[in-house]
Structure formats: structure tokens, C-alpha cells
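Sequence order for the protein chains is A and B.
For the first sequence, this note's numbering begins at 1 and goes up steadily by one.
For the second sequence, this note's numbering begins at 1001 and goes up steadily by one.
Since the hints were made in silico from the structure, they are not lab data.
Values in this document were obtained by computation on a predicted structure and should not be read as measured data.
Straight-line distance between alpha carbons at most 25 Å, and here's what the computed BS3-like set of lysine-lysine pairs gives: (1) A:Lys456 x A:Lys300; (2) B:Lys1162 x B:Lys1360; (3) A:Lys456 x A:Lys370; (4) B:Lys1360 x B:Lys1100; (5) A:Lys26 x B:Lys1372; (6) A:Lys441 x A:Lys456; (7) B:Lys1100 x B:Lys1038; (8) B:Lys1372 x A:Lys169; (9) B:Lys1372 x A:Lys30.
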Amino acid sequence: MEYLINPLILVTFFPLVGVLIIAFLKQEQKNAARWVALITSLITFGLSLWMLAQFDSSDPQLQMVVNLPWIQVAGWNISFYLGIDGLSILLVLLTTFLAPLAILSTWTAVEDRVKDFMMFFLLLEVGMLGVFLAQDLFLFYIFWEFTLVPMYFLIGIWGGQRRMYAAIKFFLYTMAGSILMLLAILWLGINQGTFTLPDLMAKGGIPADLQLWLFLAFAAAFAIKVPMWPLHSWLPDAHVEAPTAGSVILAGILLKLGTYGFLRFNLGLFPQAAVQAAPWIAVLAVIGILYGAMVSYAQKDVKKLVAYSSVSHLGFVMLGLFALNSQGIQGGILQMVNHGISTGALFLIVGMIYERRHTRDMDAFGGLWKVMPVYAVLTLIVALSSMGLPGLNGFVGEFTILLGAWGAGAPGGALGSYWFAGLAALGVILAAVYILFMFQKMFLGPVIKDENRSLKDINWREIAILIPLIVLIFWIGLYPKPFFDLMAPAVDNLVAALQSAAVAGLP
Amino acid sequence: MNLSDAAVSLNAILPLAVLVAWACALLLIDLFLPKERKGWTALLSAVGLLVSLVLTLTRLDQSTTAFNGMVSVDGFANFLSLLFLASGLVAIAISYDYIKRMGLDRGEYYVLLLFAVSGMMLMGMASDLIVVFLALELLSIPLYVLAGIATPRSDSEESSLKYFLLGSFSTGIVVYGIALVFAATGTTSLTGIVDAINAGSALDALLLVGAALLLIGLGFKVAVVPFHMWTPDVYQGAPTSVAAFMAIGAKAAGFAALLRVFVIAFPSLSVDLAPILWIVSALTMILGNVAAIAQHNIKRLLAYSSIANAGYILMALVPYGQPGMADKAVAAALFYLLAYAFTSFTAWSVVIALEQAEGKGLELEDYAGLSKRHPVLALTMAIAMFSFTGVPPTLGFLGKFNVFSVTLEGGYVWLAIIGVLTSLVSAYYYLRVVVYMYMRDGEPQVNRDRWLYVVASASAIGLVVFGIFSQPLFTWVSQALMR
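Please model the entire structure based on the sequences and the hints provided.
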């Protein structure tokens, strides 16, 4: 009973209250469904702030722990185990923060089956929060797989032309990775006698060659989700076909489930294998950075451009995480948040113009600055943040990652070569190219198309969606210390474990 | 055996005895019911099943043998009895309106159903190969008739004939296997066989061939590759309510016999049998799931799905001979059967709800737009499809989790990998049903039948609720042991 008022339980499951209420509404009561969903997600955000207030950032351990026995049968020891620490708190906050904004963005964009949309959306929020908070592998897997279901419906029902193809592709791709992880989870659970993460980490003692196999099985699931090059091909389809709110959540949070998985499980459970695999992962990450940026440049569809830019940005996150030092991992976590904010905002922005013009082809625009000045200014800020302009959030994340990767490039570091940081820095330049190219084509110059002359500038609702994101863009850009402070002790703890594993792994 | 022994034995199998007696009585009662009151037969059959169910429930902690050790009424048998009785009840509920609608409303229908359930229950208890044979016939013959009850519809007759021919062929193989085992050990009692093997008096070659023949014969019943060919045609041709009952009850009964015979009588043969089981299970999962992709008829799709599911259950049996693994293997198989039964209840009731006269309404296209017209039915079907795929938090996920766990623990990593990969394949065709229901527009025809709604919703709720609060089921399954 004491757990009923546990902040983690409340945050995770509160959206279900909204689902229940909406379930009793009629299909025609569209506005009621919207309001219930919005208010539910806002309360959830409020609850997550309350959780933040109770969070002790100097403590590297799990906090506000809920640990209840769940399934206890011969050979299995499964608990309902939630906990939060510096590795996950920012991602939880990001989730609860983006959800109401995404719901607001659907206000006029989703007219068909609003009730179902909101129910799936809130279910998705439960799933994502559960993934970030679960500390038991079985529980984690349940949340992890469960997120597929609502997202599958969001893409498949409310998506664009090729939505069914994209929905099935999304589902099958992600499931392909996660079933391999399932086997690894089972192996761990059976052979180590427990499914809970802290117990497994304390126990350790998995032989190095086995670690590598288990590492790879987990990595298969996470690398597809991130997505790392060359497993990214589901992403452009899913993103382009998904409705705006779906894309925001997909880019903003679902992709982070993958990077977070690497951070929490691959680094935490298999430190020796992580040290071994770091240069290989970093190679893929750098290829992803450059490849994503170059493919972005080649796109005509803005939404596709933003989608491919995610491949590039998440390459940075992966590079940071597998630098395996404090700077790299902190930068990686911050960049996850940054990407959620910037790319989420970019998808919202694309959605706004798509709602007006029903096209996303860059050639169909031009000179929008003259027609929609407010929209143009806000877009510029977000675009600059995405390309990493100093003073905005993207710069802080990318710079810290590059510092970490450079440090890890020193002899004896995890990566062992300065080339990683050097090539990744090239990605920052490429990002500037494709972002500015996009901005120029759409917003600058004369108004070429007549259809664009009568476009209405964005309304108060739309401004209200973007403003909180822009505030965060500046906040993180100018004063990132509070964010780093939240994660630092937990990250240092993890790095210490990794370093001792590296030493133990030496011949 | 004197009279009091017989009374004790009868008392031990009282739930079964009551059901058989009730079925016989009902045959007569049905004759005297006026034509417009045939609904009474359904009601009375349900009462019979319920009485037997309650009797079983009061004896759950009982564990005894009867008839000189020919039947064992233990946790394993009780678990399966409950499963069979429940599927009998569900079968009546989903048949009631359907057979009226399709003009198959005859009293024998329900009586045959009761006999089939009795045969299945006996199968769960059989601890002598002769009783296995008896139970096999008792459950099969009513099903042969039921499959053809839609006569003169030619596909129903074809279904019945096909099922009958292949069924009797497989029974023949079982009998041959029993004969060889008897020749090798001099006994048909399962425990007697073990004793003979341990005493070293068994003829190894004969015994192995006999066991293999039993595997083949029972493999026909549960439809594992390469003995599965009859399944899609039979399921498609048989009345849908009968197909549903076969897919759940007959399969579970076949596995009941396989599990008990192999675990009790042939643990020492596992060295030779495990590789065979491995291959059969892998082939079944691969072929069932791959062939299902090409199906457009929902009954055929579910038929192939039932083949694939047999592969997963068989997978649990592969490590049965390793020390300490037998109980786990049995528990995993039973849990999977339970999850499979619940999922199938849901899916088949929705199929019946959409089926129209003359075999219309069974194509995937007929499901287009279901979520808009009938959101509850669509949701239950979607839950069933996700459960078949093995997506949490459904019972189907736990079933697969359990089976993979046993396989890994037995050291069969590659089999587990084949299992998860074929699950991935299965996601494709299960999701296609969801795509039609939720993402395409259409005007689906749905029959008003409240029993179908009740069954579909109740089992769908069960799939999710027990998928989350699963400890009671796990405890129950782990106690369903053979003695």
C-alpha cells in the first residue's frame, strides 16, 4: 500500500486514468477526448516535476524505488521493480514534457477517430515511461514491446499514403531486434537466478566471451531502435508516414529508448564487452553521422530531411556513449534530450506547414519569411539549434560529445584513435549545410508560388506549442549546468565501473 | 478387482463418469424434446459440463490412480480436465446461434460434443497405452461426425472424410506403436514400461520404433509437420464452431497423451528422441508460420497458425529427458496450451461472428473496417492477434516466454532462436488481420449473437488481465504434475 503514492508509479500509470475516461466518451465527442488527453498529460508532467523535486541529484543510486515480487516460480525471480537515477530522470522529464505538446499539435490535424487516437497516444506514454523506469529485465521487456502496439496503430491509422506498409515495417523491424534481446534476457534470468538489474550488476561474473554474445543480442534490439546505420531503413518510412504527433514522439522519445537501452543495459550489464565493442560501435556511429547528414542534404521532402537528420544526430549520441568516459556519456545523455527538443520541434514545424499546404516538398515553398514571419523566426531558432549553433542547446551536447570522443581517442582510451572525433566534427559542418539549405529554400528569396501568398501565419495555439521548446533551447544552450548536475553522479558511477572492467579485461 | 474396488475407481473418475452417463442420457432425452425446443439440449449439455466442472474443482487436490493403475487422476489430469470442460462450454456458447443460423441445429451436435470432451478428459488421465487408444477413439469418432455435420455441403463432407481417413490411419499407427512397445516390454502400463526398461528386460530396437510410431500417430492428432497436411482443409470445411473446438480440444488432448507417455514411459529414450523432437518442432514452426503468410481465408490462416503453435508446444517437450527438466517442460507446455486456448477462443468467436451463409465472410477483406463498425469485436480480435504473436502484456507472450525459457535451460539455443525468428514471421500475418480491421475501410457483415460477444470479450479480458497478474496461473501450472 505504501507504494500507492510513489511518484514513479503515479507518473508511469497516471495516463491510464485518461485512457479510462476517454474510453467512456462517444466517438463524436472529439473535443472532450482532446481535453481529457491534454489535461491528463499535463497532470502527468506535473507529477514528474513533483518527482524531480524529490530527486536527490547527489545520489548516484536508484531512488524512489518500488520493488514488489511479481512472478516467483521455479527458476524465475521476477519483480515489479521501478527506480530512477541520473541516467533516466532527464528522459522521463522529456517524455512527460513532449506529450502534452504533441497532443496540442493534433488539435486540428487529427479529425478522424480522435477518441482512439488519444487512447493510443496515452497508452504509448505509459509504455515509454515504463521503459525508462523499469529496473527488472522482464518488466523492461514488457514495456519495451508494448510501446510497439500503440505506435503501430498511430502510424497505421492516422498516417499518410503508405501508412500500412510503414506501420508493419516499423513493427517487424523493431520486433526483429527485440526478440533476440528476449533470448538474452531469458538466458540471464535463468543462469543468474534473477531478472532485476541491480542484482545482476552486483552479481557480475559473466565470462567475457559470453558477455560479447549477450551484448550483441541486446545491441540488436537497441541498434534497430536508435537506429544505427545500417539498420535505419525503417525510420524514414515510419517518420514520413506517421502523423505529426506520432513523428514527434517517435523522434523525440522512441528513438531514445534505443540509446537509453545501450546506456543502461549494454554498458551497465556487460562492461567488458562494452570496452571491447566500443571502437566498432563508434565506427558505425561515425558512419551514421556522415551518412545521415549527406542523405538529408539530398532530400526534397522536408519531413524526410528531418528524419534522416535524426540518423546523424543519434550517431553523435552513440559516439558519446561509447567514448565510455564521463564527458562523452554526459554529452550523450544531454544530446538525447536536445534531439528530442529540436527534432520534436522541427517535426511540429513541418506539421504546421503541411496542415496548411498539404505538401512537404521544399520546391513548393520559398519566401515564406514574408508571408509567415513569426513562423519563420521560430523555425530559424529551432533550425539553428538543430545544427548546433553556439549559445543554443545542440552546441552544448555535440561539443561535450566531441570532447569526450577526443579524450577517448588518446592512447589507452576507449576508442583509441582521434579520427572518430575528427570525422564526427565534420558532421557538424554537414549539418549546417543541409539545415541552412533547407531554410534558404523554404523561407528566403521571393515568394515563387501563388498558393503560398495567402498562407496564414501560425496561431496562438501553435506558438504556445513551440515556445516551451524554444525556452528550453536557450536554457540548455546558455546554462546547461543544472542538467549536467542531475546526471553527473550516476554517470561517474557508471564510468568507474567501466574503467575497472577495462582494467580487468587487460591481458 | 472386486466390487468395492470398482466403486473406489469409479469415484476417482467421477467427473468423467458423470459426463459420459449424462451424454448417454441426453441422447435419449433429446428424442423426446419437441422440435422447437432443441435449444434445451444445448442447455442440458452445458449443465452436464458444468456439473463435471464443479466436481473437478472440488477434487483439485486429489491425486490418485484407479482401475489398477490404468488411469491416474492427478494434478496434470485435473488441469487438463478443466481446460477441456471449459473449451466444451465455450464450444456450446459459440455454436448455439451459429448452428441454428447455418441450419445444422440437431440434438446430436451437443451430445457428440460431450462425448468428445469425455474422450479428451480420459486422455488426460490415461496412464496405460490401451487407455490412450480408447481415449483417442472416444474423442476422434465424435469429431469425425461433427466435421461432416453440415452435410450435404460438399466441403463439410470432404472435411469429414479427410479427417476420418487420416485420423484412422494415424490411430492405426498408434496401435502399431503400442503393439511394438508391448512386444518390447511385455506391458502397456506406462510405469510398467519404465520398470521393464530399468530392469534391462526391454528390447531396445523394438521399443524405440514403437515410441517413434506413437510420436507419429499422436503427431497427426496435434498436427505437427510433416503430419499436418489435413489441418487446413479439415478446418476450412468443417463448421467453424467445430473447427474451433478441434483446434483447441483435440490438439490439447493429443499433447496430453504425448506429454504423459513420453515423460512417464520414455525418459530413457530421450537421447534418441530429443533430436527427432527438435527437428519436428523446428519444421513445424517454420512451415506453419511461413505457409500462413499466403492465406487469405481466415479459417485457413488460423489452421496454419494452429500448426505453428503445435511447434511451440512441442518445443517445450524437447528437453524433457534431462534431469530435473521434466516438470518444467510439462508446466511450460501446459501454460502454453492454456494461453493458446484462451487466444483461440477469442479469435474463433470473432470468426464465427463474421461468417455468413455459404462460407461467405471468411476472407480477410471481409474484416475491413471492422474497428469502425464494431469496435469491441475488432479490439478483441486485435488482442487475440497480438497474443498469438507473443506481444506483451498478453497471455500469449507469457506462454512463449515460458517455452523459450525451458528450451534455453535445456541448452537448445538454436531451437530457441528458430522459435523467436518464426514468431517474427508470424507477426506479419497476424498483423495483417489487424491492418484490415483497423486501417482499411469497408462494410463488414456481423451477426448479432450475444454469446459470441460474451466469449470473445471475456477471453480477451482474460488474455490481458492474466497476462499482467500471472502469478496464480504459474502457481497452478507448476502444481499440475503427474504422479
